[in-house]
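Asker: Sequence order for the protein chains is U and S. Following the numbering used here, the numbering of the first sequence begins with 1 at its first residue and continues without gaps. Following the numbering used here, the numbering of the second sequence begins with 1 at its first residue and continues without gaps.
It should be emphasised that the hints constitute simulated quantities derived from the structure, not laboratory data. For clarity, every value in this text was computed on a predicted model and none was experimentally measured. Glycine residues also receive a C-beta, built at the ideal position from the N, C-alpha and C atoms. Among the clues, some could well be false.
Listing some non-contacts, in silico: residues in chain S with all C-beta distances to chain U over 12 angstroms [to be verified]:
1) Phe59
2) Gly61
3) Pro115
4) Ala125
5) Arg141
6) Glu158
Stretch-level coverage of chain U by chain S, calculated; a stretch enters the list once three of its residues show a Cβ under 8 angstroms from a Cβ in chain S [as the list claims (entries may be wrong)]:
7) 263–271
8) 407–414
9) 610–621
10) 763–771
11) 826–837
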Amino acid sequence: MSTRLATGGRLTDRSKPMSFRFNGQNLRGVQGDTLASALLASGQLLMGRSFKYHRPRGPVASGAEEPNALVNLGQGARFEPNQRATTTELFDGLTATSQNHWPSLNFDVGAVNTHLSRFLPAGFYYKMFIHPRPLWKHFYEPIIRRSAGLGAAPDAETVDADTYEHFYAFTDVLILGGGVAGLQAALGAAGSGAQVLLLEQSADWGGRTPVDGGEIDGKPVQDWINDAVQALGNMDNVTLRNRTMGAGVYDHGYALGYERLNDHAPEAAGPRHRLWRIRARQIVTATGAIERPLSFAGNDVPGVLLASAVRDYVVNYGVSIGDRTVVVTNNDDAYRTAICLQEHGLDVPVILDARPQGGGALMQQAEALGIRVLRGKAIASVQGSRKVTGVTICAQAGEGAVLETIACDAVAMSGGWSPVVHLWSHCGGKLVWDEQQAFFRPDLGKAPTGHDGTPFVIPAGAANGYIHLRDTLTDATTAGVSAATAAGFKPKSTAVPQAPEQPEAPMMAVWLMPQGANVALRAKAWLDFQNDVKVSDIQLAAQEGYESVEHAKRYTTLGMATDQGKLSNINGLATLSRALGADIPSVGTTTFRPPYTPISMGAIAGQARGEIFQPVRETPLHQWHQSHAAHWEPVGQWRRPYCFPQGGETVEQAVQREVIATRASLGLLDASTLGKIVVKGPDAGRFLDMLYTNMMSTLPVGKCRYGLMCSENGFLMDDGVVARISDDTWLCHTTTGGAERIHGHMEEWLQTEWWDWKVYTANVTEQYAQIAVVGPNARKLLEKLGGMDVSKDALPFMQWSDGTLAGIPARIFRISFSGELSYEVAVPASQGLALWEMLHAAGAEWNATAYGTEALHILRAEKGFIMIGDETDGTVIPQDLGLGWAISKKKADYIGKRAQARSHMTDPTRWQLVGLETADGSVLPDGALAAAPGKNANGQRNTQGRVTSTYHSPTLGRGIAMGLVLNGPERMGETLEFSKLDGTTVPTKIVNAVFFDPEGEKQNV
Amino acid sequence: MSEPVSALSNASFDGLVHVQEAGLHGMIALRGDLDSEALQSAVTNSAGVGVPAPRTVVFDGARGAAWMSPDELLVFCPYPEAGATLAQLTDALGGAHALAVDVSDARAVFEVRGPRMREVIAKLAPVDMSAAAFQPGTIRRTRFAQVAAAVWLVDDAEARIVCFRSVAPYMFALLCTAAAPGGEVGMF
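The shape of chain U in the complex, shown without the other chains:
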């Protein structure tokens, strides 16, 4: 049973006990524990269940690579599933539950799957659920969905209690990893004066070197680490961040750091996570190495751990996994675990060294301590199901005939080490296979390259394949100096710290234990602990033709769990290569993708939540609208009032009232969002003649003209009123959504095609509050405010005039989008609200009524005015809309002219705009289609028209609509059948699109 030892624990402080809860049980740990070490100290080896077979699982590792010990962490607004117990720092009051079992961790009904494993081989889902086809949707999929996922999904309605943020950092040298390699690389780089940013994922510096022990420059490694951290901390050009993981390396020296500020102190103020968005000239990956498991039967039984992890728990936390630990290895490093256990008074009954010759100096040391070492031997199988009770021993060279059985309660395994090449590989760094050490290491000749084709990532230490401390320090020094040099600095000469030689015997690649293991053993030899992928699954995939490592991965789900195969990838691809009879480098690795370990969604979102999830653009009148019960409509990023319901009105009632009040007397509209672009220069007229389909250069100063803008494909993309301000200046109004787009469109043509034309543009949309004063009493209201002559003669229709209205500098446009007598008054935004309030106060005698966008739509539809986005959808040309009058016949060219001459554009059968009136006065559904006889090639009914705008007109007391209809204008009076939502149709007459005041008498007063 795992327990806390009497003494020890490098990272813990036993004088500071902490209490926490696991599966409802109160447990105790100490400060410095991880959740995993505290659980182990409490005798809780069993921490979860595997995904597919619900096998009982304890931790196999002690760090970021852990596949098994995943928990539901926290509660309520701080609940998060799939948190690794091995990297979760313990805090007082922590609450966790185990995952993927029912009804309990100890008794899980789903564990029946493990007995069915023979029937759940690789590709089971693909093979099983494909037939019969109809069962998939209603039977298989719901069942599979129910079994999917490990942790519980957070409650959909609960809002995360924490905050998150981003931080943009720039540095000359970014070093990822704060082990001895990272620290030494930082020292090597910092001496040059370069800015150095050093990130370490855990709370502590030095990596695993303090556990492995040894000396650097004649002092204990921990002292050297402390000195290095202090020296770096004293340098102004160095920034150290612990609890910050290098999550990803991207193009051009961009990297992500994931800082966990409050995970260990959830009630502290400030953001929980901070996403560092870093630009670095050079990146050093000092990410260390991860130990590999060995593939033997029962290697997933709780109590079988990596040898390094067993050592970590003892040295770092003073926690033992068991009293009797069998060590099984193919290399010398695992002997350190045996020696460490022995020194801590724990029993190591045997070391099984798969190498026929055994190890070197460390083996001799172990033997000198009286530990029994068996050379060329292996584990045939592990005994026990929920925990290890013993191992059977066989020859590594054989097929698994049992030579001996040894009782034990823990197994420490080591299959060798793999450099953490993830961050090197994220942005394209290639790997080479190191035959001698049996691992992939960075191919230094094929580094990720930046914008200038030179490398920007340098691996250091164990991450570069230099596993031994002495070599690590040498390599890290070089890496730091090289990084500073590549970043444009002149490094001072940096002494390489010296560590004693540690001669070790060569390791021996062991991909299966024993090498000739029979099928029964192979089917219990786990590769991927979280997703339950075994040696036999990979072999089956190979047998079924999955030769590509990427295909085999997806077919078997190897490495696709939340740990992304940190322990399983190399063993898996080695197994695949053996099954295919190919060598390992030719099979290759799967793709390493960021992030290195999962990062929180909150960190990705950063501050973008709640009121700042997205920018909301507000007009100068926004607060007035808000306080007058505006029913909002999003228009691009703007919020515009859809209508202003009053005193219990429904939205529909408010819209009808606003239309009636405007037609009858006086309406006021906030039109500030309409785009306003100033175009000025000697070539401005010529430029606008190209942009608009009609002539703008001939527009006299003081006058306005409605214009259409088309894309180069001829399609109508924007419209609006253009005013000639002076000889060389025009003011172009665009749609609300079109302001930025049309400004960009103008600049694109000016900068790329007509760069020699003398034209400048400026988007002045937000300079003005623009208010439409609309209705029979509009003129009376403006006259009452005073200051400008707005009479019929002084300011005729389609003219503008500058002046001072009620003491506010104003430009008044006599334009109408409603068919009423109408003025649009533009004033500086900072005085918009003042004018708006004056208009309401002075207009009270005419029942001045604020109206919103829906009333605006009805008013324009009653007059047959088109709306960009309703009558147009990117496939409509002005000629379809009866707007031929706005297309200049005189101009040699305009954008879209050539396209509009193409045969499809001049096809007389293009649907044309007409008005539509239902026989029963009802409102047609938006987008409704007019049925035509016969069916098309897909068996659908033919159509001959569709509705583009449809409203109830309070003015006419009936439904009105506009639509595009085949030969529409020639079919006035004809009745078509338009579809309704209930499947029936409604007889609808084709009429003139101008429903109201066709002579325009109301606006010409």
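Go by the hints and put chain S onto chain U.
Answerer: Relative to the frame of chain U, chain S by itself:
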């Protein structure tokens, strides 16, 4: 006559830094050939400062100019003088091909003040805010989270940010969020 009001009426917040909507400022967007004598003398006469070098601002009291792009400046003056300054500028430009428009009301200006000014901004804008890279007198046109903005330093403890008026509430909320106590970074 009415009193002009800025987007947020000088709203302020104190956290890691002092955040303040800085009220109305006279601002004139000027596009033209920045190398031309006509434009340079027009700027000197109306703004009281020379044409700033790329990515810099020059100020003399409330008057000044900011480099916005290879053919654009933003000229500053007291808000009530914007009309007169624009007229003066337009006059001085004479027949030269240029565009000067009043954008005083189209923008909002924010002040961010305090020792942690640099790191609060670095949470929102992809700009190297280190003292070595970003000194008083330099300006960046950039973005703050999801909106366009320009930022420059008045001195080592105060930055000015200009954005569109319509997103002033968003900008204010952003700055307040980034300046929330507990969010110290300690980078600069």
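Asker: Each hint: holds or not?
Answerer: Tested hints:
Listed as outside the interface, phenylalanine 59 (chain S) is consistent with that label: its C-beta sits roughly 22 angstroms from the nearest C-beta of chain U, beyond the 12 angstroms cut-off. Separation of glycine 61 (chain S) from chain U is adequate, the least Cβ-Cβ distance of about 22 angstroms exceeding the 12 angstroms criterion. At the 12 angstroms boundary, the C-beta of proline 115 (chain S) stays outside the reach of chain U, the nearest C-beta of that chain being 16 angstroms off. Not every C-beta of chain U lies more than 12 angstroms from that of alanine 125 (chain S), the closest at about 7 angstroms, which undercuts listing it as non-interface.
Arginine 141 (chain S), annotated as away from the interface, keeps every beta carbon of chain U farther than 12 angstroms; the closest lies near 14 angstroms. At roughly 20 angstroms, the least C-beta separation between glutamate 158 (chain S) and chain U is larger than 12 angstroms, which holds for a residue marked as non-interface. Chain S is given as covering the segment 263–271 of chain U, and this holds because 4 residues of the stretch bring a CB closer than 8 angstroms to a CB of that chain, at least three being needed. Restraint check on the segment 407–414 of chain U versus chain S: 0 residues with Cβ-Cβ distances below 8 angstroms, three needed, restraint violated.
For the segment 610–621 of chain U, the assignment as covered by chain S holds, since 9 residues bring a beta-carbon within under 8 angstroms of that chain's beta-carbons and 3 suffice. A stretch counts as covered by a chain when three or more of its residues have a beta carbon under 8 angstroms from one of that chain; for the segment 763–771 of chain U and chain S the count is 5, and the coverage holds. Given as covered by chain S, the segment 826–837 of chain U passes the check, having 7 residues with a CB less than 8 angstroms from a CB of that chain where 3 are the minimum.
Figure legend: structure checked against the earlier numbered hints; hints not met, in rising order: 4 and 8.
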